[in-house]
Amino acid sequence: FSSSNYEDSAEFSSQSFPLISKNEVYPLTASRMTLYFKDGGELPYVDVKDFLSSLEGFYQTRYFAFQTPSPRRLAVSWRDRSNTYSLTVDDQKDSIEVSSLTFFDLLHSTSGTDYSFNLKSVGYSESGEEGTVFSLGSYGIEIYRKKDLVLLPLCVANTIFCSSHYLNLYFNGSAVYSSYFNFAMDEECQKEAFQTNQNWGKAIPEDVAAMNKANFLFILDRYYGLWDSLPTTPEFLSAKESLSSTDEAEVFRAMDSILMDQIDEMHTSFDSLSFYAPTSGGRSLTFGKNRTAFLQESKELEASYKQAYPDNEPIRYCDDTAILVSPYPIETGSSSELKDGKGNLLPDAYQKDSFYYMKEMLSRIRAHGGVKNVLIDLSRNGGGNLGALFRILGLMSDDDVTYASRNRLDGTTAVSRMKVDADEDGDYDDADALSSYHWGLLTSKLTFSAANYWACYVKDHGIGKIFGEQSGGGACSIVGFVNADGSSFHISGPNAMMTFMGKNDFRSVAKGAVPDKEMDPGSFYGNDEMLDRLFD
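The sequence shown: position 110 = 132 (my numbering), numbered continuously.
One should not assume that every hint holds.
To be verified - Once the Cα atoms are required to be at most 20 Å apart in a straight line, the calculated EDC-like pairs of lysine to aspartate or glutamate come out as:
id, residue 1, residue 2
1, K487, D542
2, K60, E164
3, K44, E210
4, K394, D538
5, K60, D112
6, K525, E148
7, K262, D278
8, K328, D542
9, K374, E446
10, K142, D421
11, K71, D30
12, K539, D527
13, K361, D341
14, K262, E272
15, K374, D341
16, K142, D542
17, K169, D116
18, K262, D286
19, K533, D250
20, K394, E551
21, K71, D170
22, K394, D451
23, K142, E551
24, K44, D293
25, K441, D422
26, K328, D550
27, K533, D482
28, K394, E353
29, K224, D482
In case anyone wonders, no lab produced these hints; they're calculated from the structure.
Computed from a predicted model, the values in this text were never measured in an experiment.
My request is simple: use the sequences and hints to build the entire structure.
So, in structure tokens, the structure goes:
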């Protein structure tokens, strides 16, 4: 793009570092990344154009067009058949404006797993604002221009361009490492990055420490999907101030307090230590009341279930009721796991995919005969993949499946409508659900995330009854991020799931599904006669 005469007064040095891509989901093709350092500091910056170009393998970078519409603005855009999606970096206002969040969707396909098989889209609508502005300056994040270079802190560039699509970059002083999601899910990458780390035991440099706080507060403000539930306690406010400390232990305690004790919800957690942590001795996390109660109930229910049903059979029968233990995690298998080279379903496909698990179990129930009620036990189900859940809902009802979500980043609300080919005959309009059964779900506080959405959807759409304890919530998908010092964490991301009941009728699933008949979790197992009577 064309040169500009404008130049910030700050001085930057540059150095090329290895770019090491360990993950197979988004294998980057570039082998090096140039980082810039301001006034002799240690906080790495990247040039926006060079940074995006180095992400080939993640983004389809050949479609990006770069322009300079004015001396203080860099524009990046790409087109599809009918629309242009643009992002503008304004170094004078320290802001980044995006015309639509679709800009960030110019990605390579991730794997051989088809998360939407047997689903046919029959409608999509979106309402609310379109596009958003990231006002970085209000968090103390500055953008610099040095002639043709537009320089942004690496951790902030990672937050905006990578994290929401499950790629994260780490700089350890010797190399930049590319990890799928974050180190919590990419142990090989973490191991090598820690082995080559140059910063063990050092004080956090002042510029890195300041960006720790700025980047984290930006993430919490813009990307945390349950923003209206954030605490305002003195402990929370004090911990936020400690994020800019040069003492790694103090920063860890602040992160621990904010994520684990103050926010205290199961989709939010601290994942891996700073590159400035000491090599000996770990750090112990503090569990808040909610997390402690969740883990305690999990322990108690697991022990109670094993005692009542040591054989762990997936189906139990009592009179005219079948009690079916739900698949966990709710998952979609890859193509190679599900079908052979001729497209035939493999015998063990039901062990790799929750939709096929439910089909197999329901086939066994039909073969058993005499069943009027099917109670699906979700009491120990912590969630999983929504695509698999949508297909399961197609086994329970012939109605179209609708899914709604609200995005905190741009304020839009999206509604998708899908048909399910539950019997896989290619006809999406025939009645192939097992709607003759009376459906029920057994839920607890552990019924979380996608399993919680299952319970809320079934209740709100009148597909079945909810029995047991109010389900545990979990309204947002998990998104992982990286701090300036290399520590990582995950939070409830910006997309909040909702059930859609009709025009302007959206129902939050954050607080879970209230049971139609409440039960004490201590009576869930070993009382099948009582479970059967729930349908009376």
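Structure-based check of each hint:
The hinted pair formed by K487 and D542 meets the criterion: a straight-line CA distance of about 16 Å does not exceed 20 Å. As the CA atoms of K60 and E164 are separated by approximately 11 Å, the hinted pair is consistent with the 20 Å bound. Between K44 and E210, the direct Cα distance comes to roughly 7 Å. Compliance with the 20 Å bound is thereby established for this hinted pair. Straight-line distance between C-alpha atoms of K394 and D538 comes to about 19 Å, which keeps the hinted pair within the 20 Å bound.
Simply put, K60 and D112 have alpha-carbon atoms about 19 Å apart, close enough for the 20 Å limit, and the pair holds. Distance hint between K525 and E148 is fulfilled; the C-alpha atoms sit about 12 Å from each other, no more than 20 Å. A C-alpha spacing of about 11 Å is found between K262 and D278, which places the hinted pair at or below 20 Å, so the restraint holds. At roughly 18 Å between alpha-carbon atoms, K328 and D542 fall within 20 Å of each other, so this suggested pair holds.
For the given pair, K374 sits about 18 Å from E446 by alpha-carbon distance, which is consistent with the 20 Å threshold. Annotation: proposed proximity of K142 to D421 holds, straight-line Cα distance about 13 Å (limit 20 Å). With a CA separation close to 18 Å, the supplied pair K71 and D30 stays within the 20 Å bound. Taken as a hint, the K539 and D527 pair is broken in the structure, with Cα atoms around 25 Å apart against an allowance of 20 Å.
In summary, the hint linking K361 to D341 is not supported, as the alpha carbons are separated by about 36 Å, beyond the 20 Å threshold. In summary, the hint linking K262 to E272 is supported, as the alpha carbons are separated by about 11 Å, within the 20 Å threshold. A distance of roughly 30 Å separates the Cα atoms of K374 and D341; the hinted pair therefore is violated under the 20 Å criterion. This hinted pair does not check out: K142 and D542 have alpha carbons roughly 40 Å apart, beyond 20 Å.
Between the alpha carbons of K169 and D116 the distance comes to roughly 16 Å, so the proposed pair stays at or under 20 Å and holds. Between the alpha carbons of K262 and D286 the distance comes to roughly 15 Å, so the proposed pair stays at or under 20 Å and holds. For the hint pairing K533 with D250, the CA-to-CA distance comes to about 13 Å; that is within 20 Å, so the pair holds. Restraint check for K394 and E551: satisfied, since their Cα atoms lie roughly 15 Å apart, inside the 20 Å limit.
Between K71 and D170 the CA atoms are separated by roughly 9 Å; this keeps the pair inside 20 Å, and the hint holds. For the given pair, K394 sits about 25 Å from D451 by alpha-carbon distance, which is inconsistent with the 20 Å threshold. Among the hinted pairs, K142 with E551 is inconsistent with the structure: their alpha-carbon atoms are about 40 Å apart, more than 20 Å. Using a Cα cut-off of 20 Å, the hinted pair K44 and D293 holds, with the two alpha carbons roughly 18 Å apart.
Between the alpha carbons of K441 and D422 the distance comes to roughly 5 Å, so the proposed pair stays at or under 20 Å and holds. For a cut-off of 20 Å, the pair hint linking K328 to D550 stands: about 15 Å separates their Cα positions. Between K533 and D482 the CA atoms are separated by roughly 14 Å; this keeps the pair inside 20 Å, and the hint holds. This hinted pair does not check out: K394 and E353 have alpha carbons roughly 27 Å apart, beyond 20 Å.
For the given pair, K224 sits about 54 Å from D482 by alpha-carbon distance, which is inconsistent with the 20 Å threshold.
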